[in-house]
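A.B. asks: With the hints as your guide, set chain X onto chain R.
2 protein chains.
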Amino acid sequence: MQRVHNFSAGPATLPLEVLQQARDELTDWNGSGMSVMEMSHRGRHFMAIAARAEQDLRDLLAIPPNYKVLFLQGGAHTQFAMIPLNLLRGRASADYLDTGDWSLKAIGEARRLGGVRVVASSAANRYTTIPPQAGWETDAQAAYFHYTPNETIRGVEFHQVPVLANAGIPLVADMSSNILSRPVDVSRFGLIYAGAQKNIGPAGLTLVIVREDLIGQARAGTPTMLDYATFADSDSMYNTPPTYTWYMAGLVFQWLKQQGGLAVMAGRNQRKSARLYAAIDDSDGFYRCPVAAACRSWMNVTFTLADASLEPVFLQQAEAAGLSGLKGHRLVGGMRASLYNAMPEAGVDALIDFMADFRHRHG
Amino acid sequence: MQRVHNFSAGPATLPLEVLQQARDELTDWNGSGMSVMEMSHRGRHFMAIAARAEQDLRDLLAIPPNYKVLFLQGGAHTQFAMIPLNLLRGRASADYLDTGDWSLKAIGEARRLGGVRVVASSAANRYTTIPPQAGWETDAQAAYFHYTPNETIRGVEFHQVPVLANAGIPLVADMSSNILSRPVDVSRFGLIYAGAQKNIGPAGLTLVIVREDLIGQARAGTPTMLDYATFADSDSMYNTPPTYTWYMAGLVFQWLKQQGGLAVMAGRNQRKSARLYAAIDDSDGFYRCPVAAACRSWMNVTFTLADASLEPVFLQQAEAAGLSGLKGHRLVGGMRASLYNAMPEAGVDALIDFMADFRHRHG
Numbered sequence: 001m002q003r004v005h006n007f008s009a010g011p012a013t014l015p016l017e018v019l020q021q022a023r024d025e026l027t028d029w030n031g032s033g034m035s036v037m038e039m040s041h042r043g044r045h046f047m048a049i050a051a052r053a054e055q056d057l058r059d060l061l062a063i064p065p066n067y068k069v070l071f072l073q074g075g076a077h078t079q080f081a082m083i084p085l086n087l088l089r090g091r092a093s094a095d096y097l098d099t100g101d102w103s104l105k106a107i108g109e110a111r112r113l114g115g116v117r118v119v120a121s122s123a124a125n126r127y128t129t130i131p132p133q134a135g136w137e138t139d140a141q142a143a144y145f146h147y148t149p150n151e152t153i154r155g156v157e158f159h160q161v162p163v164l165a166n167a168g169i170p171l172v173a174d175m176s177s178n179i180l181s182r183p184v185d186v187s188r189f190g191l192i193y194a195g196a197q198k199n200i201g202p203a204g205l206t207l208v209i210v211r212e213d214l215i216g217q218a219r220a221g222t223p224t225m226l227d228y229a230t231f232a233d234s235d236s237m238y239n240t241p242p243t244y245t246w247y248m249a250g251l252v253f254q255w256l257k258q259q260g261g262l263a264v265m266a267g268r269n270q271r272k273s274a275r276l277y278a279a280i281d282d283s284d285g286f287y288r289c290p291v292a293a294a295c296r297s298w299m300n301v302t303f304t305l306a307d308a309s310l311e312p313v314f315l316q317q318a319e320a321a322g323l324s325g326l327k328g329h330r331l332v333g334g335m336r337a338s339l340y341n342a343m344p345e346a347g348v349d350a351l352i353d354f355m356a357d358f359r360h361r362h363g
Numbered sequence: 001m002q003r004v005h006n007f008s009a010g011p012a013t014l015p016l017e018v019l020q021q022a023r024d025e026l027t028d029w030n031g032s033g034m035s036v037m038e039m040s041h042r043g044r045h046f047m048a049i050a051a052r053a054e055q056d057l058r059d060l061l062a063i064p065p066n067y068k069v070l071f072l073q074g075g076a077h078t079q080f081a082m083i084p085l086n087l088l089r090g091r092a093s094a095d096y097l098d099t100g101d102w103s104l105k106a107i108g109e110a111r112r113l114g115g116v117r118v119v120a121s122s123a124a125n126r127y128t129t130i131p132p133q134a135g136w137e138t139d140a141q142a143a144y145f146h147y148t149p150n151e152t153i154r155g156v157e158f159h160q161v162p163v164l165a166n167a168g169i170p171l172v173a174d175m176s177s178n179i180l181s182r183p184v185d186v187s188r189f190g191l192i193y194a195g196a197q198k199n200i201g202p203a204g205l206t207l208v209i210v211r212e213d214l215i216g217q218a219r220a221g222t223p224t225m226l227d228y229a230t231f232a233d234s235d236s237m238y239n240t241p242p243t244y245t246w247y248m249a250g251l252v253f254q255w256l257k258q259q260g261g262l263a264v265m266a267g268r269n270q271r272k273s274a275r276l277y278a279a280i281d282d283s284d285g286f287y288r289c290p291v292a293a294a295c296r297s298w299m300n301v302t303f304t305l306a307d308a309s310l311e312p313v314f315l316q317q318a319e320a321a322g323l324s325g326l327k328g329h330r331l332v333g334g335m336r337a338s339l340y341n342a343m344p345e346a347g348v349d350a351l352i353d354f355m356a357d358f359r360h361r362h363g
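Which chain is which? The protein sequence lines are R and X, in order. In terms of the working numbering, the first sequence opens at residue 1 and continues consecutively. In terms of the working numbering, the second sequence opens at residue 1 and continues consecutively.
Careful, some of the hints might be misleading.
Partner residues aside, some chain X positions facing chain R, computed with beta carbon under 7 Å [to be verified]: (1) N6; (2) T13; (3) L26; (4) N30; (5) S35; (6) G115; (7) V116; (8) R117; (9) S121.
FRET-style restraints, in silico, Cβ to Cβ [unchecked claim]: (10) R:V118 / X:V161: 25 to 35 Å; (11) X:Q21 / R:E345: 28 to 38 Å; (12) X:V264 / R:R23: 29 to 39 Å.
Since the hints were derived computationally from the structure, they do not count as laboratory data. Backbone N, C-alpha and C fix where the C-beta goes; we use that ideal spot for every residue, glycine too.
Excised from the complex, chain R in its bound form (with noise of 0.2 Å):
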């Protein structure tokens, strides 16, 4: 067997570590003679592992004990809809940031389903930079502000918590993409949620965080399973969880426990993102980099070639070197590297002498 580095955005690389653990357990689980994926989700195996997944991640992202975590179905997207039914909580708008195609995507689902107001957008500068917080238009009255702290498909994220002139207005935020990829001050937090493919385990959970007064307040004629209460009071069992995903994602909790902790990932992930676009920035332009220095992300690195018809040659070459998943988002085009927690400093490391010998051979 011969494993590449998938630096696919997601579904994403997992760590091998916990991989093996999966097949090692995947016919019997610790001597129960069954599968995770076969154990009934109320019996008293899973329920340990369940729990010991959610104290996993309590954890490593210091949850204070007023805020719930829910293990949800139906991807970010379905969190789309499920905030602006649960937390408007009858006011007449939220404020909503944009800065790429993810926060659209949750204005666009917001805007069909109650009152979107955008307190500004970085769209006119095709989403390279984030719209400075002296320009934000906010709503002293909004239900709630949204943001994206990392953009997935341009590469662009937030390296500090915005602070808002109303304190009082719950914080929402997209983490699907950078969520325990450094530590976090959750209490910051009204509500964060994630889907999991990408730094969680694999796609089919998505990890809500909620603070427990924004709970049960949602609007008449919402169905049940886009009420946070129905999970909420349920221990994420009203129904039939996604039992095998959750398992995943608590073998991904143990090892991020193992590396030390999100302080730990935080400097590895710094240290892994800063050396390619080092690389990239120190290649005379035959590499380039989009975003703002101030706002690229340490998960998601886009760059283009100056000479674009040497894109298709580079991710050929790429793939046959064992250096898989590098192309850019279909919206945008060019190369875009995935670093998540599960991405080895040795991936980037081979990435980058890949560039340079294709700098070499194509410059």
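C.D. replies: For chain X alone, coordinates are given in the frame of chain R:
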């Protein structure tokens, strides 16, 4: 490793050959250098896996070309909402048949979101029969007719598909617990849905088979993720689908084809359940099945002990004998043996032997 016989109602036992293949491919699928869990859902590897799974399902059920197959998340509970949101199509109400706890859940959610008429109920006899069709008070203007072909909790199953007086009314069926257990004429239905965790694969995937003319008429204000059109228009890849669960379902479909298809499974399932019901009926009242003979489920065999105080002893000794998951649903107590496709005939024989021995020791 000693695998148990797992009679859980769901998540449920999977074919050992399927689990072994999943294990062998876990860190490297087909020389791709990555796990299926790590693959981009839009990459060629996963697209091939997804397409093959759909084709195999179409082959197994002989699904006509004017039906879409959707691979969704959220379980049958989410369908309880999606069905009225998508299929009421401006009509006053839909007809629901009440044959047990799962019917009631579907009715409850539809009532929250639209008009429901309950055409008949077997509640009065504790859901041990199916109401005779002569007594159904159907509505000629109903938007659709919903029923539950197999009630998992009490073990009641339809052995024929109802023929409605008004053939133009779409028949909607929750086949979560008996899909793929026997051949079915899909063209008789407007929509079939099923959570995966019984006869399809691990939890976290929901199959919907829907006639194309019923798609695209969702009520205004329906969240995008609850609109069948969203998934019909995108080959179920509007957002990241539960890729690994989809792959596992595909392995189960391949296994079913290798077994000889659904006619073979039907024979096996009928045989397994008939042997177990005979063991119950021939126990001189030591064991007793409360369900009327004509509607006893092939999938979920429920029974009690004449001496209820022996039931915990039975369950404990069964567990010690490698017969797991036999406890009845908490709503009804007693015992339940789920005999889905993946339960081998040897497992049923082991249970019958244990029951005879237990009766010998305690009768």
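A.B. asks: All the hints need checking, so say for each whether the structure fits it.
C.D. replies: Taking the hints in turn, this is what the structure says about them:
1. Hint on N6 of chain X holds. Least Cβ distance to chain R is approximately 5 Å, under the 7 Å limit.
2. At about 5 Å, the closest approach between the beta carbon of T13 of chain X and any beta carbon in chain R falls short of 7 Å, and the interface hint on this residue holds.
3. A least Cβ separation of about 4 Å between L26 of chain X and chain R falls short of the 7 Å threshold, and the interface hint therefore holds.
4. A hinted interface residue such as N30 of chain X counts as satisfied when its beta carbon comes closer than 7 Å to some beta carbon of chain R; here the least separation is about 11 Å, so the hint is violated.
5. For the restraint placing S35 of chain X at the interface with chain R, the shortest Cβ-Cβ distance is roughly 5 Å, inside the 7 Å limit, so the hint holds.
6. For G115 of chain X, the suggested interface contact is broken, since its CB lies about 14 Å from the closest CB of chain R, more than 7 Å.
7. Of the supplied interface hints, the one on V116 of chain X is violated, with its beta-carbon coming no nearer than about 15 Å to a beta-carbon of chain R, more than 7 Å.
8. Among the interface hints, the one on R117 of chain X is violated; its C-beta lies about 20 Å from the nearest C-beta in chain R, farther than the 7 Å criterion.
9. Because the beta carbon of S121 of chain X sits about 21 Å from the nearest beta carbon in chain R, more than 7 Å, this interface hint is broken.
10. Look at V118 of chain R against V161 of chain X: about 51 Å separates their beta carbons, and that is not inside 25 to 35 Å.
11. Range check, Q21 of chain X to E345 of chain R: about 33 Å between beta-carbon atoms, so the 28 to 38 Å window is met.
12. With their beta carbons about 31 Å apart, V264 of chain X and R23 of chain R fall inside the hinted range of 29 to 39 Å.
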